[in-house]
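**Q** Since chain A is already given, all that's left is putting chains B and C on it; use the hints.
The primary structure of each chain is shown beneath.
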Amino acid sequence: MAAFPLNHVIESQQFDRDLLETVFRTADQMKADLSGERRFAKALEGRIMASLFYEPSTRTRFSFESAMLRLGGAVITTENAREFSSAAKGESLADSTRIMNGYADVIVMRHNEAGSAARASEISRIPVINAGDGAGQHPTQALLDMYTIVDAFDGIRGLKIAMVGDLRYGRTVRSLAYLLTKYEGVEIAFVSPPVCKMEGDIKAYLDRNQVPWHEETNLDQVVAKVDCVYMTRIQKERFHDPEDYQAAAGQYILTPERVRAMKPSAIIMHPLPRVDEIPKDVDDDPRARYFEQAQNGLYIRMALLYLLLSK
Amino acid sequence: MAAFPLNHVIESQQFDRDLLETVFRTADQMKADLSGERRFAKALEGRIMASLFYEPSTRTRFSFESAMLRLGGAVITTENAREFSSAAKGESLADSTRIMNGYADVIVMRHNEAGSAARASEISRIPVINAGDGAGQHPTQALLDMYTIVDAFDGIRGLKIAMVGDLRYGRTVRSLAYLLTKYEGVEIAFVSPPVCKMEGDIKAYLDRNQVPWHEETNLDQVVAKVDCVYMTRIQKERFHDPEDYQAAAGQYILTPERVRAMKPSAIIMHPLPRVDEIPKDVDDDPRARYFEQAQNGLYIRMALLYLLLSK
Amino acid sequence: MAAFPLNHVIESQQFDRDLLETVFRTADQMKADLSGERRFAKALEGRIMASLFYEPSTRTRFSFESAMLRLGGAVITTENAREFSSAAKGESLADSTRIMNGYADVIVMRHNEAGSAARASEISRIPVINAGDGAGQHPTQALLDMYTIVDAFDGIRGLKIAMVGDLRYGRTVRSLAYLLTKYEGVEIAFVSPPVCKMEGDIKAYLDRNQVPWHEETNLDQVVAKVDCVYMTRIQKERFHDPEDYQAAAGQYILTPERVRAMKPSAIIMHPLPRVDEIPKDVDDDPRARYFEQAQNGLYIRMALLYLLLSK
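Protein chains in written order, with my numbering: chain A, 59 to 369; chain B, 59 to 369; chain C, 59 to 369.
Since the hints were made in silico from the structure, they are not lab data.
Heads up, some of the hints might be wrong.
Since the list gives no way to pick one copy over another, a pair counts as held whenever it fits inside one copy or between any two copies.
DSS-like cross-link-like pairs, simulated, lysine-lysine; straight-line CA separation at most 27 Å [claimed, not checked]:
#1 Lys261 <-> Lys294
#2 Lys218 <-> Lys338
#3 Lys89 <-> Lys100
#4 Lys89 <-> Lys283
#5 Lys89 <-> Lys255
#6 Lys283 <-> Lys261
#7 Lys369 <-> Lys100
#8 Lys283 <-> Lys100
#9 Lys321 <-> Lys218
#10 Lys321 <-> Lys100
#11 Lys89 <-> Lys240
#12 Lys338 <-> Lys240
#13 Lys100 <-> Lys261
#14 Lys100 <-> Lys255
#15 Lys240 <-> Lys294
#16 Lys369 <-> Lys261
#17 Lys89 <-> Lys369
As the structure is a computational prediction, the values presented were derived from the model and not from experiment.
Chain A extracted, bound-state conformation:
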């Protein structure tokens, strides 16, 4: 295998089709290995990952830390990095990053400010992986989403996907949209209340990359036609009027009735955590893939850590 060309994982746009295939094939290997002969159980023995979470996200942190441990590596971790950072004593992110270079072999960084991971990567000699930077990106989430889609369909040419819910503030759907442009024949339906519409920058990017998209406000118009329903949570804070929220949220619930209308071959995704936008009764439907999707995060993160550190 050719050496992995990336030094850091900062944003979805770094990944072209070849690179995606490399990551996904490696994730396949990791998945097989975990229930198989554990050839990778000590692949990163002696290596240290620093989890630098400037805001807590136990789920994402655990996913990365489990990935590192499954490869035989070790972890130093904080959910409290803000104290370590400029916010506490006025230190710059650059200084913090240089210091961490002395203690670890890879940095996984969650930060509240967009662009933080990119700035850290500029001065880091060790790989930086962006685990979410504010309103910016969350590229490993996008990769695990794309991996789940690719895994579910034998070739995704002609795939129709509906992204549902909060498309304006949802980092997840934005990052996934970038990756979808790498595949041919994809069509996207953006389904959201008017206040949560997908932003213009993504639409323009899709246009430039010849990805057809259209907008809907009515979920019922869409569920029967698509191969993938990607649900997201609508946050109450987006609405001025609580009644508007109640009205809106109710329309973007994937009820069992709506699931029944879906194609037999279609899949249901959600970045989790969910609240009530997918009722529990749907969990046993074979089309529900959101727990598998979360599990795929482990394989994707194992793949990235392995590719970045075993060069």
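**A** Coordinates of chains B and C only, in the frame set by chain A:
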């Protein structure tokens, strides 16, 4: 050895006499191994324990994590699981548990709500160990208490034990009472201020299991007669009137005078942390076993992790 | 090598010249090993370090934890030890320490009260390393500082060092002053605003040990004459009047102009984090050693852990 029959450790009542013997014999092995040839040093290599503490308890967490590490396993940990949970984003404990199933091989859960660990175990494919659930149970504490008693006496038939202090709200003494019914010839004295009396459910359980018990308010009536004095802390919050508290607390201190009145073969236990209910001067008395008791927690937790994970 | 004579690392004064040489030679070995054949990669396999931080200090904690992991050891950790301690439930530091003795092989303790680490070491059967105790000491910082100086100069006889900034409350410069007395021919210039002067106890200690020192308020009088400029941060809280602070702080900045006035062979140190007392432009100057200094903390801590635990 027959396969360990439990999939999860949720409450004391799961343990019958045979199971207790299995756990205690395995704890003996762990204790011997730690100062011996370390045959178990890599017994759980490659396995991951998730410490999910919805409320912090550094002592209990460290005891479990040390146990896992001593067996060669690895740990992902949070003292901040509430953020990860429904409380933060509205996610259900069920969803959190399913996600954790993808990242770890065993879950150790401390939760503020009684019944949480049981609910998690219902949907978990990996073992769940209850590390304390609110007013509910703390079974590994009960096991280490029972182990300490069994270890101290060559056969516990005829054992007289005094439980002293806050018996009403003390999860520890409640869980231990369940286990004591598994042994024959045990007698219990409940010694407490009137506001902190043992609850009726435990008394009824003891009656059904033919375990004689009686209540006392005067510690001096009891110390000379029993084989084990199990002290607990009386919490100020239980009393409406601070003066009542002062008066009560003073009567349930195991002073050196009271220790002198104890049988030479008797033992003193305490789940720790203590405040002043056992003065420091007592620590050097050979009957003081509370630090050994805490240490036994390590062996018991190693035993449980080993039995649950090496099936 | 003779057995390391210390059981605990509590304060700088424990180290005489021979002991410093032992620690520094071992640190040299650790440094070489990390980029070499990794002979020490499993030196502490099976050993557990407990990071007991009663106040958070992610940087120091990570440095110790990385050191332990680089030696193949494992870590149990809390940034939240105050909850575990007397402050939360009234438990004494002595009890907490005894409990930790059952879970770990070495304790690294950061505490807000001076003397805490010493008190813990009095009852601990396992080594205690002081990682900073309030206004007290931070001996591993002093060791890494001294190591950086010794490493930079081929024999430090005749070394002139300027300590700049907050000398009154800066634990770092106080601890380093103790160690400097172990070397011959050292001269110290204390450069600070009048409100942040070095305390009398240190000056008396230097006098007793024949170490010449003098005080300055003007940094420009000093920079050209010394071999080492040790910068520290001046904290706003020390000043009653914000304007006084602004005036003072401005005078203790190591500007590029001042750096240009320094000897070509001199070095610039800082315990980090810095705010603006060393501008970023200085970082690329070959005399800037503060990032190397932080990195040296890893080697020193690996050396101490190794020396304490492999006896």
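**Q** If a hint holds in the structure, say so; if it does not, say that too.
**A** Right, here's what the structure says about each hint:
no., hint, result
1, Lys261 <-> Lys294, "within (25 Å within a copy, 49 Å between copies)"
2, Lys218 <-> Lys338, "within (25 Å within a copy, 51 Å between copies)"
3, Lys89 <-> Lys100, "both (15 Å within a copy, 23 Å between copies)"
4, Lys89 <-> Lys283, "neither (31 Å within a copy, 62 Å between copies)"
5, Lys89 <-> Lys255, "neither (36 Å within a copy, 54 Å between copies)"
6, Lys283 <-> Lys261, "within (21 Å within a copy, 63 Å between copies)"
7, Lys369 <-> Lys100, "both (15 Å within a copy, 23 Å between copies)"
8, Lys283 <-> Lys100, "neither (46 Å within a copy, 53 Å between copies)"
9, Lys321 <-> Lys218, "within (11 Å within a copy, 69 Å between copies)"
10, Lys321 <-> Lys100, "neither (43 Å within a copy, 49 Å between copies)"
11, Lys89 <-> Lys240, "within (24 Å within a copy, 45 Å between copies)"
12, Lys338 <-> Lys240, "neither (33 Å within a copy, 40 Å between copies)"
13, Lys100 <-> Lys261, "neither (44 Å within a copy, 53 Å between copies)"
14, Lys100 <-> Lys255, "neither (46 Å within a copy, 53 Å between copies)"
15, Lys240 <-> Lys294, "neither (33 Å within a copy, 53 Å between copies)"
16, Lys369 <-> Lys261, "neither (36 Å within a copy, 53 Å between copies)"
17, Lys89 <-> Lys369, "both (20 Å within a copy, 23 Å between copies)"
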